[in-house]
Each structure stands twice: as C-alpha cells, then as structure tokens.
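Go ahead and model the full structure; you've got the sequences and the hints to work with.
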Amino acid sequence: MKAIIHIETYTKAAYRAIRPAVVATNLGFFGVCGLTISATIKQSDYAYLVDVVNHAAQSAGVHRTEYAIINLQNILKPKGND
Numbered sequence: 000m001k002a003i004i005h006i007e008t009y010t011k012a013a014y015r016a017i018r019p020a021v022v023a024t025n026l027g028f029f030g031v032c033g034l035t036i037s038a039t040i041k042q043s044d045y046a047y048l049v050d051v052v053n054h055a056a057q058s059a060g061v062h063r064t065e066y067a068i069i070n071l072q073n074i075l076k077p078k079g080n081d
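Counting along the sequence shown from 1, when you hit position 60 you're at 59 in numbering that gives the first Met the number 0, and nothing is skipped either side.
Mixed in with the good hints there might be a few duds.
[Unchecked claim] Within a straight-line C-alpha distance of at most 30 Å, the following computed DSS-like cross-link-like pairs (lysine-lysine) qualify:
#1 LYS76 to LYS1
#2 LYS78 to LYS41
#3 LYS76 to LYS41
#4 LYS1 to LYS41
#5 LYS41 to LYS11
[What the hints assert, rightly or not] Listed next, with one range per pair, are the computed distances between beta-carbon atoms:
#6 CYS32 to SER58: 20 to 26 Å
#7 LYS78 to SER58: 40 to 46 Å
#8 ALA12 to ASN70: 21 to 27 Å
#9 ASN25 to LEU71: 18 to 24 Å
Don't read these hints as lab results, they were simulated from the structure.
Just so we're clear, the structure is a prediction, and the values are computed from it rather than from any experiment.
The C-beta atom is built at its ideal place from N, Cα and C for all residues, glycine as well.
Okay, structure coming up:
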C-alpha cells in the first residue's frame, strides 16, 4: 500500500531544513509546490519519514509549530495485479 504525504512548512527555515533530508531518504516520489513538500511513499515507510523530518527540523532548531506532516490518502493496490 502506498501513501500520499504532504509536509507543510510555514517558514523558509523549516523548508530549508526539511526538504534536503526528505529528498535524501530516496523513499519514493517527491514534489514541491511553494513551501509544501509532497511525497508518495510506501505506507510502511511513513514512520521513518516522520522521524527523518522531525530529526532534520530539530537539528536545525526549527520548532514543531513551523511545519506539519499530513497523511492525505492511502492508495490500495488494485486486485488482480500480482
């Protein structure tokens, strides 16, 4: 199962700290629009991605109120496709 995740950063400092860390994970497909980072990843990688984001923000001194991690949608694998 895959998941679509949005990481909304509310400050440039949060964006600059989080984006490189998320892209470096190489977990799935990433896109950026403004200060929002979108990712399509395996659902099983969600907890790891959250840890990466939180660690990157903490290391840069970015407060938790400067970003949000939102699980938008889980994508089920269609039946019959093995």
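Going through the hints against the structure:
Between the alpha carbons of LYS76 and LYS1 the distance comes to roughly 8 Å, so the proposed pair stays at or under 30 Å and holds. Distance hint between LYS78 and LYS41 is fulfilled; the C-alpha atoms sit about 17 Å from each other, no more than 30 Å. Simply put, LYS76 and LYS41 have alpha-carbon atoms about 11 Å apart, close enough for the 30 Å limit, and the pair holds. At roughly 4 Å between alpha-carbon atoms, LYS1 and LYS41 fall within 30 Å of each other, so this suggested pair holds.
Of the supplied pair hints, the one linking LYS41 and LYS11 holds, its CA atoms being roughly 27 Å apart against a limit of 30 Å. For the pair CYS32 and SER58, the beta carbons lie near 25 Å from each other, so the given range of 20 to 26 Å is met. A hinted range of 40 to 46 Å holds for the C-beta pair LYS78 and SER58, which are about 43 Å apart. Distance hint check: the CB atoms of ALA12 and ASN70 are about 24 Å apart, consistent with the given range 21 to 27 Å.
Between ASN25 and LEU71 the beta carbons are some 21 Å apart, a value that agrees with the proposed interval 18 to 24 Å.
Consistency with the previously given hints is maintained throughout, with no hint failing.
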